[in-house]
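> Sequence order for the protein chains is A and B.
In our numbering, each residue's number is its place in the first sequence (first place is 1) plus 3.
In our numbering, each residue's number is its place in the second sequence (first place is 1) plus 3.
Treat the hints loosely; a few may be bogus.
A pair counts as met if it fits within one copy or between any two copies, since identical chains are not told apart.
[Unchecked claim] 16 Å max Cα-Cα, derived EDC-like pairs, lysine to aspartate or glutamate:
#  : residue 1 : residue 2
1  : K127      : E48
2  : K290      : D152
3  : K271      : D152
4  : K11       : D121
5  : K36       : D139
6  : K92       : D219
7  : K92       : E6
8  : K96       : D59
9  : K92       : D59
10 : K91       : E6
11 : K148      : E48
12 : K247      : D152
13 : K273      : D152
14 : K20       : E108
15 : K287      : D235
16 : K297      : D34
Just so you know, these hints were derived from the structure itself, not from any lab.
Protein chains: 2
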Amino acid sequence: MDEFKLIKDYFQRLSQKSPSSLNLNDDVFFDKKNNLVISVDTYNEGSHFIDFKKPDLVIKKIIRSSISDLISKGVNPKFYFISASGNKKNFSKFNLSKISKSLNEEQNKYNIILGGGDTVFSNKLSFTITSVGFSDNIIYRNKTKNNDDIYVSGNLGDSYLGLLVLQKKIKLNTLSSNYFTSQYFMPNIKLKLANQLKSFANSSMDISDGLIADLDKLINNQKFSYKLCLNDIPISYNLKKILKSKKLSKINLISKGDDYQVLFTASKSKRTLIKKVSNKLGIKITKIGIIQNKSLISSIIDQNNTVITVKNKGYFHKF
Amino acid sequence: MDEFKLIKDYFQRLSQKSPSSLNLNDDVFFDKKNNLVISVDTYNEGSHFIDFKKPDLVIKKIIRSSISDLISKGVNPKFYFISASGNKKNFSKFNLSKISKSLNEEQNKYNIILGGGDTVFSNKLSFTITSVGFSDNIIYRNKTKNNDDIYVSGNLGDSYLGLLVLQKKIKLNTLSSNYFTSQYFMPNIKLKLANQLKSFANSSMDISDGLIADLDKLINNQKFSYKLCLNDIPISYNLKKILKSKKLSKINLISKGDDYQVLFTASKSKRTLIKKVSNKLGIKITKIGIIQNKSLISSIIDQNNTVITVKNKGYFHKF
Numbered sequence: 004m005d006e007f008k009l010i011k012d013y014f015q016r017l018s019q020k021s022p023s024s025l026n027l028n029d030d031v032f033f034d035k036k037n038n039l040v041i042s043v044d045t046y047n048e049g050s051h052f053i054d055f056k057k058p059d060l061v062i063k064k065i066i067r068s069s070i071s072d073l074i075s076k077g078v079n080p081k082f083y084f085i086s087a088s089g090n091k092k093n094f095s096k097f098n099l100s101k102i103s104k105s106l107n108e109e110q111n112k113y114n115i116i117l118g119g120g121d122t123v124f125s126n127k128l129s130f131t132i133t134s135v136g137f138s139d140n141i142i143y144r145n146k147t148k149n150n151d152d153i154y155v156s157g158n159l160g161d162s163y164l165g166l167l168v169l170q171k172k173i174k175l176n177t178l179s180s181n182y183f184t185s186q187y188f189m190p191n192i193k194l195k196l197a198n199q200l201k202s203f204a205n206s207s208m209d210i211s212d213g214l215i216a217d218l219d220k221l222i223n224n225q226k227f228s229y230k231l232c233l234n235d236i237p238i239s240y241n242l243k244k245i246l247k248s249k250k251l252s253k254i255n256l257i258s259k260g261d262d263y264q265v266l267f268t269a270s271k272s273k274r275t276l277i278k279k280v281s282n283k284l285g286i287k288i289t290k291i292g293i294i295q296n297k298s299l300i301s302s303i304i305d306q307n308n309t310v311i312t313v314k315n316k317g318y319f320h321k322f
Numbered sequence: 004m005d006e007f008k009l010i011k012d013y014f015q016r017l018s019q020k021s022p023s024s025l026n027l028n029d030d031v032f033f034d035k036k037n038n039l040v041i042s043v044d045t046y047n048e049g050s051h052f053i054d055f056k057k058p059d060l061v062i063k064k065i066i067r068s069s070i071s072d073l074i075s076k077g078v079n080p081k082f083y084f085i086s087a088s089g090n091k092k093n094f095s096k097f098n099l100s101k102i103s104k105s106l107n108e109e110q111n112k113y114n115i116i117l118g119g120g121d122t123v124f125s126n127k128l129s130f131t132i133t134s135v136g137f138s139d140n141i142i143y144r145n146k147t148k149n150n151d152d153i154y155v156s157g158n159l160g161d162s163y164l165g166l167l168v169l170q171k172k173i174k175l176n177t178l179s180s181n182y183f184t185s186q187y188f189m190p191n192i193k194l195k196l197a198n199q200l201k202s203f204a205n206s207s208m209d210i211s212d213g214l215i216a217d218l219d220k221l222i223n224n225q226k227f228s229y230k231l232c233l234n235d236i237p238i239s240y241n242l243k244k245i246l247k248s249k250k251l252s253k254i255n256l257i258s259k260g261d262d263y264q265v266l267f268t269a270s271k272s273k274r275t276l277i278k279k280v281s282n283k284l285g286i287k288i289t290k291i292g293i294i295q296n297k298s299l300i301s302s303i304i305d306q307n308n309t310v311i312t313v314k315n316k317g318y319f320h321k322f
């Protein structure tokens, strides 16, 4: 059973006594009365991160991945809580110093503060991060409007290539390896966008499981489909070079997730505003497709208008 | 290194940019500006619960243990978040139905609602519960006053005897076994006390690691010690019978934790009020000792005024 069916069948009804739980069908909890936004995520060694050889980087990745949930909903994260399970080796003085230093750097960079947590002995290394922000409004999933433009912030695919390097599935020169693994561990999340998103986005979320998987989730309750132009999907100059030299397929690299960029839709009338905000903040925002009526099938087209098949739609937890 | 040193040395400074984190030296996070109270705890198979043969009961235990943190600070829990790591066997349809049913029962009993969470595949079963409540005030640790009376709610020790039964370290008849294991899995936490505590308690917390260990924590920053009367520490009629028939020592049974009763201190002037509240709510509240100046050594005395030695002061996570 996949995690979505599990949640729907066994947990959704438990959340329905409060509108704040958003039917467990959005990225965050939002209690309008108390202006409270919460996201909870667990990160396990071996599935969310390969190992703990670089504790300083693993910690940065999971903190960014957690606060990215709030940022993509238009909310500034304020507090985070860490519940850490691990053993003596995981939490040696050497590792703890690195973890502490990394957290301090992330706190300064993203203006967040450690609120609390738990430390538990276990031979399985695992972190649960609870991120908390305050806002009188958020941008929801499933509020997309027909003919909306679809946008993403930043570039996609760099993080996945970094993962391939770490897994030794691809070999690059040192400079390239360092670039892509850095993108994997320290995704360039867009904090400044949080304050602006609400002025133009109808619907938004962050890309964690993969562009296609997450776009499906963004509109899953709506009678819409999407059309994406592969050529328009933004990738870095570094990734372009690799695609060319290694003869890799773009579509299979940009839909694997871990990007932590903002995926959102906006009315056509907002195009000028979005360009202005993008320039002002110095944040790349790219239109990659449109929302359409469900009578049309969701598709990704290449420069010849040919529909492309996606092999792997992204990451799902199966039970 | 024990968990307290770990938190103090590596994490405390990260929390000090906000008073809400209470220096990571209390049981909850309390953001006065937003009336927000949060507690985060992780529960791992093999350390916080023995196994998952009774998922319905394990779930009840961890939910109660989590919301107990808020209740003991005078706060009604409102939302809880579950982040669950496990495999196909842990989260079979059979188990999920039981988990869902248990959660529904706890929701109705304690007036709480599922706010969200995460489900993650892992071969190590683990739950992190985030509990959230709203209050303009809480009862802190380290606000004890000299000569305060020390109180506990309910009875102590039943839960630990239940654990011994489950671990097959002690053999009792079926009726007794059922009683004590029920107390282990479903501690009789005192929700109604949450609303009243603030009217008399100077300082409070719940007993999770053990009476002595937790009392040490309650006053750890203060220049006080305590004197407890073993005879006054409340135990159930069932436990009294077992102590007698099995010739077990009371002190070693009532300081092992998992009680989830409220431990608090109050001025002598509140004695009448506390009795009144206890009668009105039908909740047993027992005075078990006093707070004294640190020039006197912390002690537990028996009926002959003899000081008793405690072998095991409670549960600590070591790294």
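> Next step is simple, just say for each hint if it's right about the structure.
Going down the list of hints, with the structure as the test:
Proximity of K127 and E48 under a CA criterion of 16 Å is satisfied in both settings, with 7 Å inside one chain copy and 11 Å between copies. Only within a single protomer do K290 and D152 lie at most 16 Å apart by alpha-carbon distance; the minimum there is 7 Å, versus 67 Å between protomers. Proximity of K271 to D152 under the C-alpha cut-off of 16 Å is restricted to the intra-copy arrangement: shortest distance 6 Å within a copy versus 68 Å between copies. With identical chains, the CA atoms of K11 and D121 are at most 16 Å apart between copies only, with a shortest distance of 13 Å across copies and 29 Å within one.
Both within a single protomer and between protomers do K36 and D139 lie at most 16 Å apart by alpha-carbon distance, with minima of 8 Å and 15 Å respectively. In the homo-oligomer, the alpha carbons of K92 and D219 never lie at most 16 Å apart, since the shortest distance is 40 Å inside one protomer and 29 Å across protomers. Proximity of K92 to E6 under the C-alpha cut-off of 16 Å is restricted to the inter-copy arrangement: shortest distance 14 Å between copies versus 31 Å within a copy. In this assembly of identical chains, the alpha carbons of K96 and D59 lie at most 16 Å apart only when taken from the same copy (13 Å versus 38 Å across copies).
Taking identical chains as interchangeable, the C-alpha atoms of K92 and D59 lie at most 16 Å apart only when both belong to the same chain, with a minimum of 15 Å there against 34 Å between chains. Within a single copy, K91 and E6 get their C-alpha atoms only as close as 32 Å, which misses the 16 Å cut-off; across copies the closest is 11 Å, which meets it. For the identical chains of this complex, K148 and E48 are neighbours neither inside a copy (39 Å) nor across copies (46 Å), given an alpha-carbon limit of 16 Å. Proximity of K247 to D152 under the C-alpha cut-off of 16 Å is found in neither arrangement, the shortest distances being 29 Å within a copy and 76 Å between copies.
In the homo-oligomer, the alpha carbons of K273 and D152 lie at most 16 Å apart inside one protomer (9 Å), although the nearest pairing across protomers, at 65 Å, exceeds that limit. Taking CA atoms no more than 16 Å apart as the test, K20 paired with E108 passes between copies only; the shortest distance there is 13 Å, against 39 Å inside one copy. For the identical chains of this complex, K287 and D235 are intra-copy neighbours only, at 13 Å inside a copy versus 68 Å across copies, given an alpha-carbon limit of 16 Å. Taking the shortest alpha-carbon separations for K297 and D34, neither the intra-copy value of 31 Å nor the inter-copy value of 45 Å comes in at or below 16 Å.
Hint compliance for this structure: hints 6, 11, 12, 16 are broken, all remaining hints hold.
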